[in-house]
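Visitor: Chain A: place on chain Y using the hints.
So the sequence lines, in the order shown, correspond to chains Y and A.
For what it's worth, our numbering labels the leading residue of the first sequence as 56, then goes sequentially.
For what it's worth, our numbering labels the leading residue of the second sequence as 13, then goes sequentially.
For the record, the hints were derived by calculation from the structure and aren't laboratory data.
A few of these clues could be false.
Said to hold, decoys possible - Pair ranges (Cβ atoms, derived):
#: 1; chain 1: Y; residue 1: Ala69; chain 2: A; residue 2: His124; range: 46 to 52 Å
#: 2; chain 1: Y; residue 1: Ala69; chain 2: A; residue 2: Thr201; range: 43 to 49 Å
#: 3; chain 1: A; residue 1: Ser158; chain 2: Y; residue 2: Ala69; range: 29 to 35 Å
#: 4; chain 1: Y; residue 1: Arg176; chain 2: A; residue 2: Thr201; range: 38 to 44 Å
#: 5; chain 1: A; residue 1: Thr205; chain 2: Y; residue 2: Leu167; range: 49 to 55 Å
#: 6; chain 1: A; residue 1: Gly30; chain 2: Y; residue 2: Ser199; range: 49 to 55 Å
#: 7; chain 1: Y; residue 1: Leu173; chain 2: A; residue 2: Asp72; range: 22 to 28 Å
#: 8; chain 1: Y; residue 1: Leu167; chain 2: A; residue 2: Thr201; range: 52 to 58 Å
#: 9; chain 1: A; residue 1: Tyr264; chain 2: Y; residue 2: Phe393; range: 53 to 59 Å
To be verified - Chain Y stretches covered by chain A per the calculated footprint, using a threshold of three residues with CB under 8 Å from any CB of chain A:
#: 10; region: 255-261
#: 11; region: 276-285
#: 12; region: 297-305
For every residue, glycine included, the Cβ atom is placed at its ideal position computed from N, Cα and C.
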Amino acid sequence: MRLLFDRSKNPRIAWVGIALMTLALLALPFALASVGTAWVRITNLAILYCFLALGLNIVVGFAGLLDLGYIAFYAVGAYVYALLASPHFNLHLPFWIILPIGAAVACLFGVLLGTPTLKLRGDYLAIVTLGFGEIVRIFLNNLSQPVNITNGPQGVYMIDPFRIGSFSFAQRQTIGGLDFSGPVKYYYLLLAALLIAIMVNLRLQDSRIGRAWEAIREDEIAARAMGINTRNMKLLAFAMGASFGGIAGGMFSAIQGFISPESFILVESVMVLSMVVLGGMGNVFGVVLGALLLSFIPEVLRYTVGPVQQAVFGRTLIDPEVTRMLLFGFALVLMMLFRPAGIWPSALRKRELEAGRT
Amino acid sequence: MSEPLSLLTATGVAKRFGGVHALADVDFTIRQGEIYGLIGPNGAGKTTLFNVLTGIYARDEGEFLFDGEPLNDLKPNEVAARGIARTFQNIRLFANLSALENVMIGRHVRTHAGVFGAIARNARTRAEEKAIARRAYELLEYVGVSERANHLARHLPYGFQRRLEIARALATDPKLLALDEPAAGMNATETATLASLLHDIRRDGTTILLIEHDMKLVMGICDRVLVLDYGRKIAEGPAAEVRRNPAVIAAYLGGDIELDVEHG
Numbered sequence: 056m057r058l059l060f061d062r063s064k065n066p067r068i069a070w071v072g073i074a075l076m077t078l079a080l081l082a083l084p085f086a087l088a089s090v091g092t093a094w095v096r097i098t099n100l101a102i103l104y105c106f107l108a109l110g111l112n113i114v115v116g117f118a119g120l121l122d123l124g125y126i127a128f129y130a131v132g133a134y135v136y137a138l139l140a141s142p143h144f145n146l147h148l149p150f151w152i153i154l155p156i157g158a159a160v161a162c163l164f165g166v167l168l169g170t171p172t173l174k175l176r177g178d179y180l181a182i183v184t185l186g187f188g189e190i191v192r193i194f195l196n197n198l199s200q201p202v203n204i205t206n207g208p209q210g211v212y213m214i215d216p217f218r219i220g221s222f223s224f225a226q227r228q229t230i231g232g233l234d235f236s237g238p239v240k241y242y243y244l245l246l247a248a249l250l251i252a253i254m255v256n257l258r259l260q261d262s263r264i265g266r267a268w269e270a271i272r273e274d275e276i277a278a279r280a281m282g283i284n285t286r287n288m289k290l291l292a293f294a295m296g297a298s299f300g301g302i303a304g305g306m307f308s309a310i311q312g313f314i315s316p317e318s319f320i321l322v323e324s325v326m327v328l329s330m331v332v333l334g335g336m337g338n339v340f341g342v343v344l345g346a347l348l349l350s351f352i353p354e355v356l357r358y359t360v361g362p363v364q365q366a367v368f369g370r371t372l373i374d375p376e377v378t379r380m381l382l383f384g385f386a387l388v389l390m391m392l393f394r395p396a397g398i399w400p401s402a403l404r405k406r407e408l409e410a411g412r413t
Numbered sequence: 013m014s015e016p017l018s019l020l021t022a023t024g025v026a027k028r029f030g031g032v033h034a035l036a037d038v039d040f041t042i043r044q045g046e047i048y049g050l051i052g053p054n055g056a057g058k059t060t061l062f063n064v065l066t067g068i069y070a071r072d073e074g075e076f077l078f079d080g081e082p083l084n085d086l087k088p089n090e091v092a093a094r095g096i097a098r099t100f101q102n103i104r105l106f107a108n109l110s111a112l113e114n115v116m117i118g119r120h121v122r123t124h125a126g127v128f129g130a131i132a133r134n135a136r137t138r139a140e141e142k143a144i145a146r147r148a149y150e151l152l153e154y155v156g157v158s159e160r161a162n163h164l165a166r167h168l169p170y171g172f173q174r175r176l177e178i179a180r181a182l183a184t185d186p187k188l189l190a191l192d193e194p195a196a197g198m199n200a201t202e203t204a205t206l207a208s209l210l211h212d213i214r215r216d217g218t219t220i221l222l223i224e225h226d227m228k229l230v231m232g233i234c235d236r237v238l239v240l241d242y243g244r245k246i247a248e249g250p251a252a253e254v255r256r257n258p259a260v261i262a263a264y265l266g267g268d269i270e271l272d273v274e275h276g
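So here's chain A without its partners, still in its complex pose:
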């Protein structure tokens, strides 16, 4: 069996805020087609890593190699164009636009109509518009929000908003889908729906990077896990191994107890 292809490789990534080392010397590799978990106690630097990866923060050191090419000093929109789409820890939908429009905006980066096309509304623009709407609707169906396609995003129930944000990210045709705590605040049923959605997304060919606090979800669906603590990598590997790693247990519980995922 050949070594699985790596999609994203980080080497020595560091980010400082003043004197605080939010990230220090972080290395990891995400393989093509896996669900890669990113865990760690609060303030460990998970979201900072997301922001550095997606170009919202400039990193201080290190580099990312994405899909064979470096991902250096790109702006967030350029990162999205390269094929990394993300969601946000505190949902950031376009609140006063409909669910469908939210997803249609996700198609922006893969479509081309400009001002003159918009005003002239020529055959090419009309065809593109149609394709955008069709694809957006398909994605709403895919995540299970299509029955509320015309509702304003801010009026959707919480679980729908989370899934809508995923649909919007998928609309950019990403190679890597980066999810920042998608299960936060969800009940058990909603989390189960989410887990099966993530399985579907992976099955359909998109690699997933997942920040999550819900250990049961992480251990259940992630192939491999990276653990951060105080901005440093303390463990990386298959979920089952990481879970027994003493450093990880210490970081989470301050003691040598095995993480109890069966009842957690």
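Just chain Y, with the same shape it has in the complex:
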């Protein structure tokens, strides 16, 4: 990665690398579509998870605040979109208006969670955030009476897709001889969103704000003694992370067309946190890698566990769904044993090794 993209050291190789990468990313959905549209959808969800994991990385990776209820912000963003663009309230606002609203509302929820938890760290913070995530989900589940706001466990359906004028992201279309299905169109949109999210993460990390977050993560008392307003910086981390979640939620709503509280259970929070930790907390590219792996591995297992059993034993001994989670958990344990800092840990240690050699 370094070698490929370090323009200052080797401009030609870097540009060729970037060009190849761009080409591969542009062609990917067509390659996947030839295998099956399901794989384009899976990829889209994977990108959405990358986006989510990057948001959580701000809170957990940069500022060191363990958040087990992160999916609540995703839920808030998803419901804001669903309620403002579906027949439920008969509102059909365009997505470029709703997404910022969703981000703002999620941001508000982030501050709402952050304010009472300012003095908490580690395990205690994890418990409170876990509770927060559950509270939000339970509210969504029960806000159907006496006034029907969320439609309870039935969820909200027929949610509008993203639309710009007559161009809809959900419709199949042929442009310039190429067949663009709905998921393929969304793929490009999500990819663009992900690239922006990566850039925002990288720039935040390498800034006065990012350093202040890292200082809080390392030693809060020393950070305060150095003049960092830890209260504001923590709230900012919660708010930034939550906004990412809110935007991701809005995109999720539009892509799925249907959401219910079921989509925002605790396991989802744990999953996103696992992506951050497994990939390499605090390292933006590690987090993206973690999110991709944890999104794809279960899907690959879904399609292989059954057939493999058939081939070996002649019949399906264990339900594929069960085996899938078993293997998945096993893989997680192995990775944490052998690479406790994550698959792709932050660059600091590497930089130090380089410095040590000179």
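Guide: For chain A alone, coordinates are given in the frame of chain Y:
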């Protein structure tokens, strides 16, 4: 000759933990440009005084007047913004960040870029970032840690960590630099390096408040000394006088022996 300006004046400062009087009725004045020593036996309340001064503990009574204005009920970050920077008895560096980053964080309180500047990375933010890095590097050179600028703080040798902590504190542009036992655990050579660094810092215009157990260092570099025992002030004055003060000798040795600094 006019009276030297006072930078920090404490009047009647008290701090209690339950029934324990950690500090009781402490008065002192630190003058502009001096190295002011704070000594006393273990548990005398020196670090408590630091924590009360820098806003980590709320004081129960009394007040501080810093640079002409009261320093009351401020949070630690506000105290730092007012111009008091400190180090810690048990080094508290940002262990998993590089030496340079540690000092760059010290610049936080004197710089302004916010979230939007960070994301947009406009000309102003880039210029500020450059200035932060340059200043941080200068400070590393100043304390003699620049050759290890990219090392993680936790991998630095002990003496380097102590000096890095001083560089980080200096990065906040303090008027008063408060050092909590900077020579603890250092050998004679390291202590000598530290002493000359403290002289340099004072020469360059920063007043120093120094908690220290190394009597030779204290007597060698401090202009004046405050002695605490059981949370009370038992002596204050020029180092040479304090050293002959019977109350001080009694507190330290329980007898009437002069503190032997020449061989200590």
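Visitor: For every hint, state whether the structure bears it out.
Guide: Tested hints:
Here the CB-CB span from alanine 69/Y to histidine 124/A is close to 33 Å, at odds with the stated 46 to 52 Å. Between alanine 69/Y and threonine 201/A the beta carbons are some 47 Å apart, a value that agrees with the proposed interval 43 to 49 Å. Taking 29 to 35 Å as the suggested C-beta distance range, the pair serine 158/A and alanine 69/Y conforms, at roughly 30 Å. At roughly 39 Å, the beta carbons of arginine 176/Y and threonine 201/A sit within the given window of 38 to 44 Å.
Range check, threonine 205/A to leucine 167/Y: about 51 Å between beta-carbon atoms, so the 49 to 55 Å window is met. Between glycine 30/A and serine 199/Y, the C-beta spacing of about 53 Å keeps the proposed range 49 to 55 Å intact. About 24 Å separates the C-beta atoms of leucine 173/Y and aspartate 72/A, a value consistent with the hinted range of 22 to 28 Å. At roughly 55 Å, the beta-carbon separation of leucine 167/Y and threonine 201/A lies within the given 52 to 58 Å, and the hint holds.
For the hinted restraint 53 to 59 Å between tyrosine 264/A and phenylalanine 393/Y, the CB-CB distance of approximately 55 Å keeps it satisfied. With 3 residues carrying a beta carbon less than 8 Å from a beta carbon of chain A, the region 255-261 of chain Y meets the three-residue requirement, and the given coverage holds. Requiring three or more residues with a Cβ within less than 8 Å of a Cβ of chain A, the coverage given for the region 276-285 of chain Y holds, as 10 such residues are present. Taking a C-beta to C-beta cut-off of 8 Å, the region 297-305 of chain Y contributes 0 residues in contact with chain A, too few for the three needed, and the coverage statement is violated.
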